[in-house]
Amino acid sequence: MLRYTIRRLVQLVGVVLVLSLLLFAWMRSLPGGPVSALLGERATPESREALTKQLGLDQPIFVQYFKFLGRAASGDFGVSTGVQPGDSALDIFLQRFPATIELSFFAIVIAIAVGVPLGYLAAKRRGGWFDNFSVIGSLIGVAVPVFFLAYVLKDVASDALGLPSFGRQGDIDATRVTGFFTLDGLLTGEFDATLDALEHLILPAIALATIPFAVIFRITRAAVLDVLDEDFVRTAESKGLTAPVIRRRHVLRNSMLPVVTTIGLQTGALLSGAVLTEKVFVIPGVGQALAIGFERRDYPVLLLLIIMATIVYVVVNLLVDLSYALIDPRIRTR
Amino acid sequence: MALGVSKKEKIDGLADTAGVSLAASAWKRLKRSPVFLIGATIIGIFVVLSVLAPWLAPHDPADKMLIEQVVKARNEIPPAQPGHLLGGDLQGRDFFSRLLVGSQQTLIVGVGATLIGLTGGLILGTLAGAIGGWVDSIVMRLVDVMLSLPSLLLAFSIAAMFARPSQFTVILAVAIVQIPVFARLLRGSMLAQRHSDHVLAATALGVKKGAIVFRHMLPNSLSPVIVQSTLVLATAIIEAAALSFLGLGNPDDRIPEWGQMLGDVQNVFDTHPHLAAWPAVCIIIVALGFTLMGETLREALDPKNRR
Chain A
1 MLRYTIRRLV
11 QLVGVVLVLS
21 LLLFAWMRSL
31 PGGPVSALLG
41 ERATPESREA
51 LTKQLGLDQP
61 IFVQYFKFLG
71 RAASGDFGVS
81 TGVQPGDSAL
91 DIFLQRFPAT
101 IELSFFAIVI
111 AIAVGVPLGY
121 LAAKRRGGWF
131 DNFSVIGSLI
141 GVAVPVFFLA
151 YVLKDVASDA
161 LGLPSFGRQG
171 DIDATRVTGF
181 FTLDGLLTGE
191 FDATLDALEH
201 LILPAIALAT
211 IPFAVIFRIT
221 RAAVLDVLDE
231 DFVRTAESKG
241 LTAPVIRRRH
251 VLRNSMLPVV
261 TTIGLQTGAL
271 LSGAVLTEKV
281 FVIPGVGQAL
291 AIGFERRDYP
301 VLLLLIIMAT
311 IVYVVVNLLV
321 DLSYALIDPR
331 IRTR
Chain B
1 MALGVSKKEK
11 IDGLADTAGV
21 SLAASAWKRL
31 KRSPVFLIGA
41 TIIGIFVVLS
51 VLAPWLAPHD
61 PADKMLIEQV
71 VKARNEIPPA
81 QPGHLLGGDL
91 QGRDFFSRLL
101 VGSQQTLIVG
111 VGATLIGLTG
121 GLILGTLAGA
131 IGGWVDSIVM
141 RLVDVMLSLP
151 SLLLAFSIAA
161 MFARPSQFTV
171 ILAVAIVQIP
181 VFARLLRGSM
191 LAQRHSDHVL
201 AATALGVKKG
211 AIVFRHMLPN
221 SLSPVIVQST
231 LVLATAIIEA
241 AALSFLGLGN
251 PDDRIPEWGQ
261 MLGDVQNVFD
271 THPHLAAWPA
281 VCIIIVALGF
291 TLMGETLREA
301 LDPKNRR
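Protein chains in written order, with full-length UniProt numbering: chain A, 1 to 334; chain B, 1 to 307.
Quick caveat, the hints were computed from the structure, so don't treat them as lab data.
Derived coverage of chain A by chain B (criterion: at least 3 residues anywhere in the stretch with Cβ under 8 Å from a Cβ of chain B; other residues may be distant):
| id | segment |
| --- | --- |
| 1 | 17-26 |
| 2 | 132-146 |
| 3 | 292-298 |
Where a beta carbon is used, it is the ideal one built from N, C-alpha and C, also for glycine.
Take these sequences, add in the hints, and give me the full structure.
This is the structure we're talking about:
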């Protein structure tokens with residue numbers, strides 16, 4: 001188990017290094033490059049040359065890359081040119097990370113809380129109208145562009161439900177402890193702040209939850225269908241076990257493995273979806289920074305945020321793999 | 001998933017599987033699946049419309065014929081009127097014609113991205129699976145790196161690489177993301193066949209390695225690839241819309257595309273919702289059509305369902 005974890009972490013380091021090299025080469029190969037970005041198109045050749053020297057851009061690319069790695073090791077990933085011009089890329093990431101985690105967390109909780117029970121019920125009523133209806137519903141969920149749904153929720157549902165149509169901004173008078181709006185209110189006893197934060201989160205979280213919900217629903221349904229056909233379920237039934245016991249101990253537990261894997265893989269959809277959702281609801285998170293970064297081509301910020309997204313994605317999937325052992329004792333013995 | 005293929009149909013199918021190819025028995029079941037027929041009908045209409053769109057469209061989609069009805073200060077756009085079924089867009093162009101002609105570019109984006117992704121994945125997957133050894137290692141490490149990035153984020157990053165975005169860069173960005181998925185699919189199925197009897201038999205008969213790969217192994221790997229391609233057609237169209245939404249799409253809107261039409265009107269969503277709703281509904285219906293086809297194909301081509 002420990003060896004497996006270490007091996008996976010070493011692999012992660014390899015992936016991050018290769019990815020950073022690719023991203024670095026990509027940034028340097030861009031037309032214009034950082035000199036034009038900083039000085040503008042109308043700079044004199046002399047000032048361009050001076051800045052090129054100053055930034056070390058006249059050196060071979062691998063020398064530049066190693067210097068970048070050296071600076072990155074001490075937390076210096078460069079300065080933002082578009083998202084928050086002048087701020088360090090790392091600061092931007094650290095300021096914005098909690099909001100994205102919070103949004104993604106609520107989205108995946110909604111997706112699991114709705115998707116797993118619905119998938120189970122659909123499987124139990126296979127072929128019935130409830131089953132067909134929810135399968136078609138989940139397929140439509142995948143077909144809807146996330147940002148369109150976000151706009152519909154923002155412009156239509158927020159009016160109808162009396163919910164705020166924008167995400168919580170940073171400039172509120174609640175005490176900040178962790179950076180998580182919902183958690184800070186609980187920690188400082190300002191429960192109205194937590195409630196307010198939840199109100200701001202609910203619509204974006206629903207929009208972001210649609211894709212993971214649809215996938216979790218379908219995987220749960222398929223997994224439960226597989227398990228229901230198994231001999232041990234029939235044995236449990238013939239032993240006279242009650243339905244709730246069979247459901248909990250035999251069916252759900254055995255169908256959770258593929259579901260947990262899927263939840264891990266959905267982190268990717270959450271991170272990409274956050275770019276779109278945060279843009280629509282103006283949530284000051286990492287996704288919004290990425291959206292602005294893509295629009296304004298803020299390469300230092302993009303480089304750092306993409307690498308961070310990759311690390312989060314890979315680490316979550318590692319945790320998911322490790323959790324298999326908790327669900328399935330057979331994997332522990334390997 | 002038993003999408004529209006009932007248990008009774010499965011049992012009926014049992015009797016006639018003997019001596020029938022997988023494709024033939026799959027087709028037999030598909031013909032009776034209402035869900036597949038709905039998907040196929042949607043896609044059929046979509047393809048016919050997109051081919052005929054230039055002749056069917058009442059007006060030139062690039063002609064700003066209603067421009068004098070656009071009042072920027074009062075945020076007014078041309079309403080529906082005789083000759084202009086859905087009114088005009090923000091630049092006074094006939095919205096109905098744009099929607100109709102938009103189907104063509106949407107089809108091109110979907111098919112183009114799928115074909116490029118498929119070709120790339122076919123080459124890499126076949127190389128890795130058929131040659132093995134260090135080629136396999138290099139290809140699969142590359143695939144691992146690409147798959148360790150959330151896919152849509154990778155598409156955004158690739159699209160941001162191009163200084164001058166166009167329809168082609170959109171297609172490329174959406175396609176490259178699919179390459180590792182296809183590559184892994186093909187490699188897996190190649191590896192599984194390496195020691196199977198039909199390959200062994202061909203080797204024993206002295207068939208050349210290349211011929212074994214292309215005549216025996218590749219055709220046997222195609223069914224998961226066909227399913228995946230159908231599903232990618234749907235995601236490609238949706239992802240192209242997301243690219244436009246982030247300003248990474250094709251800036252030239254003389255020839256419209258649904259994703260671009262949807263992404264470009266984000267700032268007027270609350271005042272003119274129909275400008276977004278129409279292309280969005282078109283995208284949803286077409287994506288649903290491809291998904292329905294893909295899912296029923298997956299089920300029909302799954303040998304487990306033949307039994």
